[in-house]
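Trainee: Starting from the two chains in their separate frames, assemble the complex, guided by the hints.
The listed protein sequences derive, respectively, from chains B and Y.
Per the numbering used here: the first sequence = residues 833 to 1163.
Per the numbering used here: the second sequence = residues 14 to 383.
What the hints contain is simulated information worked out from the structure, not anything from laboratory work.
Some clues are possibly wrong.
[Unchecked claim] Think about it this way: if two alpha-carbon atoms lie no more than 16 Å apart in a straight line, the pair counts; the simulated EDC-like pairs of lysine to aspartate or glutamate are:
1. K1005(B) <-> D1123(B)
2. K889(B) <-> D855(B)
3. K933(B) <-> E210(Y)
4. K1148(B) <-> E1138(B)
5. K1079(B) <-> D1123(B)
6. K1002(B) <-> E1163(B)
7. K218(Y) <-> D1060(B)
8. K930(B) <-> E210(Y)
9. K1079(B) <-> D1060(B)
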Amino acid sequence: MIKSLLAAAALTTAMAASALAADMGPAIVFDIGGKFDKSFNESMFNGAEKFKKETGKSYAEFEIANEAQREQAIRNFADKGYSPIIAAGFAQAEAVTKVAKDYPDLKFAIIDMVVEPKNTESIVFKEHEGSYLVGVLAALASKTGKVGFVGGMDIPLIHKFACGYVQGVKATKKDGTVFQNMTGDTGAAWNDPVKGGEITKGQIAKGADVVYAAAGATGIGVLQAAADAGKLSIGVDANQNYLHPGKVLTSMVKHVDVAVYNIMKNGNDKFEPGIHALGLAEGGVDYAMDDNNKSLVTDDMKKAVEAAKADIIAGKTKIHDYMEDNKCPVE
Amino acid sequence: MQRGELPTWVDVGLIPLINLTIAFIVAGLVVLIIGENPFQAIWILLSTPLSSLSGWFNIIYYATNFIFTGLCVAVAFHAGLFNIGGEGQAYIGGLGAATPGLLIGGVLASALPFWVSQPITLLLCLIASFAIGALWGWFPGYLQAKRGSHIVITTIMLNYITSSVMVYMINMVFRPVGKMAVESRAIDDAYIMNAREIGRVIGLKLPASPLNPGLFVALAAAWGVWYLLWRTKLGYEIRAVGANMDASIYAGINPSRIIMITMAISGGLAGLMAFHEVLGAQHRLVLEYVQGAGFVGIAVALMGRSHPLGIVLAALLFGLLYQGGTELSFANQNINRDMVVVIQGLVILFMGALEQTFRPYLAAVFAKVE
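Just chain Y, with the same shape it has in the complex (with noise of 0.2 Å):
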């Protein structure tokens, strides 16, 4: 071992459990300043979500969404770049979600028995939100690999105008007239029944929650980018630009191409986020459901580092903060909704931004210890 290098488990186990444990420190200061137990709202955080079955699967349905995101910008990462426009990669992918379902949905629908047209419906979004966010992954790729335009810059540039194309979308073209809210029409014809409606159909009573079969999608798309990343030729490509862009070149590699390519990979899984969401739990087209699942995908991407199994569980514990923020403000009237972002910021701040901070002192004392 190498000065300066840990043992895996200290990696990938001890510190992110140490950077948990001081966030939730400074958070419990916090919590005592508006004069509240911190231990008290701690505990609920962590173990109410856990001690229900509807908080299970809110859990799962938030960490769903994570999964996405947290995809889409660790692709990037391995490809050395920084894709911080999964929020708006993932918001305009609700285009490709909704609009097979809204326009050819009840074509399909009325020509074939709805066990045949859903499905195809279904995976005919499932296939345009993949594009579309694919789409609006490329175009900073391309800036950057054509024209030097730093992707840092683009992407996030991306997200305030994604935030203009989609409300002038969903207001001007979605919205149906005389319709107050500003959303689509209900998508009835790619409709992802959640675990409760399913469950109704197998004759199973569980709790309501947009709990819904996504997860799998998820979950493929988890083992798809591993297989891509460490099985194919590709994978080993965008990994080479990442390492080292001069030594991938010399090897052959077209570093213009894999920018490109990874960037529009990225976008797409970034995309399939709207599928869940839009088809799975909103069933509708609404303004900004992505609600920062695009940047939270950041803060997963680094506490996962970057691997899908790592990805998949950093997401389960973002989704445990979530639903467990929730139960908090449900708990505790004096604990609102600004204070649980306080508390999930400080979380993401310390996994997200400081997460190397102890790395050193770990490595000094592993050194000393040899």
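Bound conformation, chain B alone (with noise of 0.2 Å):
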């Protein structure tokens, strides 16, 4: 019995060897959220598909269902040759370290997290940065000198977003009021429209008439409750200004697609390991512009928020990033 099963595994061994030989091409592990979240994962997907229509080559995909299939996924793949492999999400960071460390010759990326071994790639974005513009034209936008912010799960990640929206309203209009609110605890908040509408009847009541979603399939409820409600809402990660025309202010794009897109089309031979933070300046994060929210944003806010965008870029303002010290300097 010992016998057999030394003899299994040395036979496992020896395919792992065999099919590095062959290139399978890249493969992708989603996160628990799904490839159809309307967000991230999503936004993800799309750059992958837009790599195979451009292409024609295909890649391999897996979409997480619980912690243990983290690495078994990342590691199946590399087994099989597939490279390089791109994890969504910071919660794939130990599964990715471990697996790249085991097949040195295959290709990693991650994105939203920073991992060490030398075959990875590390893709992380500014969010407080674009979160910033789209508090700039929140504070110019707004009437009543109050604006929300509805976020999903009660994560750090989240309260990044926040805490530059804040920076970027309070910069415009020092008096300026944010409400801020968690959609909740669990997983459960990336995906909860009703309460995430219910959230934003809140705030409206109390005064907001801008209101900033950063929260996932959630966003698509506050999206609506402000559009039903007559006021202004601010979508994030795609560009979701079409969900209600002219009545969407814009939206904090996060260029995921893009990044996936490229690590895809670099493939093995120009792969750029190390870390890359996308920010204004490298276009990881922006707001949006488009036929459906050129009426909201006037010539003065236009050249308002890409004032502010040039002296980010340039370095003269300075974004406090949350995740340095867990705090935000301006409530």
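Mentor: As structure tokens, then:
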């Protein structure tokens, strides 16, 4: 029995070694939210689909259903020789680190987190910079001087969004008020449009007339509630201006899709290991302008936000990053 | 044999087999609807995990969690209590599993050689995870015994409270400053090596998997539950309360006391799952690591007929389903994880909720045969 088990183990190792020779193309491991979350994971999915459409090459994918599957999924792709293997979200960091060390010849990438091994690329975004800009726009668009923020799950990343947003609002209107609410404490908070809508109604009742949603699919309810009440909202991650034309002030876009597309397109040959922090300067985050919100953003507002953007890119304005000390200088 | 009763082999063998077969037939239909080959899908689901060593390791790893939660539900069943809070009790147990490792582990490690400090820390973690789970089980037990609040309601409500408490604790207390992921730092001072790492030490090359010696804790717990229920006075009292509470009062048993003790033991067993998962597989306290194991425990307990041996076997079957589901999503890109959840859900439905559906028919058949 023991002998046959050992033989099986040896066989698996041998198979893994032979698979390395074949180039299987890229693979992507989505996080628990799933690839159709209308937000982060879906943005990655769109980037991968764009790669598939443009190059005609295929990619492999896996959606995580429980904690144990993280390492298993990445290892499974590595066993079969896929490279680069892209992992979605900060929660995959441990798994990527472990597997990347076991497969030094393959390439790994992780979005929204930094990992150590030499054969990995870490992509992080400066969400506080993009949120600052939409904060500036919110303060300028608000007539009451009161604006809202609806977060998804109560985690540091969302405080990072909130903190950038508040800084933008306060820099524009010193006496402006920001109402902040988180939707919940569990993963379900990313997918609860009804509760998102209720929170938004509450904020509007207190006088807010622009509400920024950083809450995944919950944000759909935030945008809906604001549009129903005739107020403005701000979308997140993807450009959500089209959801309620003329009622969504702008969206804080995070170009996860572009990052995934570039990693897949660069492939193994042009793989760029190391940390890449994508902010305004790198085009990783931005505020969205299109036909749907043209009438909402006046020339003066545009001028102000472009000036703020230029100052950040030039390094004249420094936006505080909540993640550095778990604190925000303004409330 | 009385009317309506069945031979043991039918009860523990044939009925589960029939339920499982029907679950797979219905699941096969669902696979057919999305345009895939059901035979191939079920073949992959059942055979792939069994054909590699890493598959076996993963099955046993999943099964270990299900043994803990299955035992949790079973112990309560014997006292006539339906504890559906295993999910929350296993989750909160994580505080017990992590805290000694993070707080005292470092102190012990600097004072003692690691082969002394590690076992002591691990023992403290083991006790603490049981204790915190037990507290979380005792509380609804107390409400049931003293206040008449129904245990089904209170345990499921505590699951939500647990979620909030854990997010708060991990986010605000355990998470190191500046760390993006909502998790504690690595618990290196109470580290249960997994099978592969142990293999390295003794010179065996084993595949990577989260399988770890926590398995032996689960088996010991299974034996302990058997001993408690059928070899001790307390176990007799638990079963007496479950069988007939009025008769047990007449026999001089205090049901309130038994309900609270049973729920504490039940919660403690769920808490031990945290010991296995947090220290053996994740090596840090993360969010929502239970991932439904508490609810799977209900199906495991039902299928295992609330007997520890049955629970171990049923847990292995569910481990196979979990690992098979993962393999299925790897092998067939059209069958995504939601499909896998549907297949697993159908098995749980037929094994758990509809478990007794075919019993009357079988009883009628056997009554005729006699």
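Trainee: Which of the numbered hints are not met once you compare them with the structure shown?
Mentor: 1 and 7
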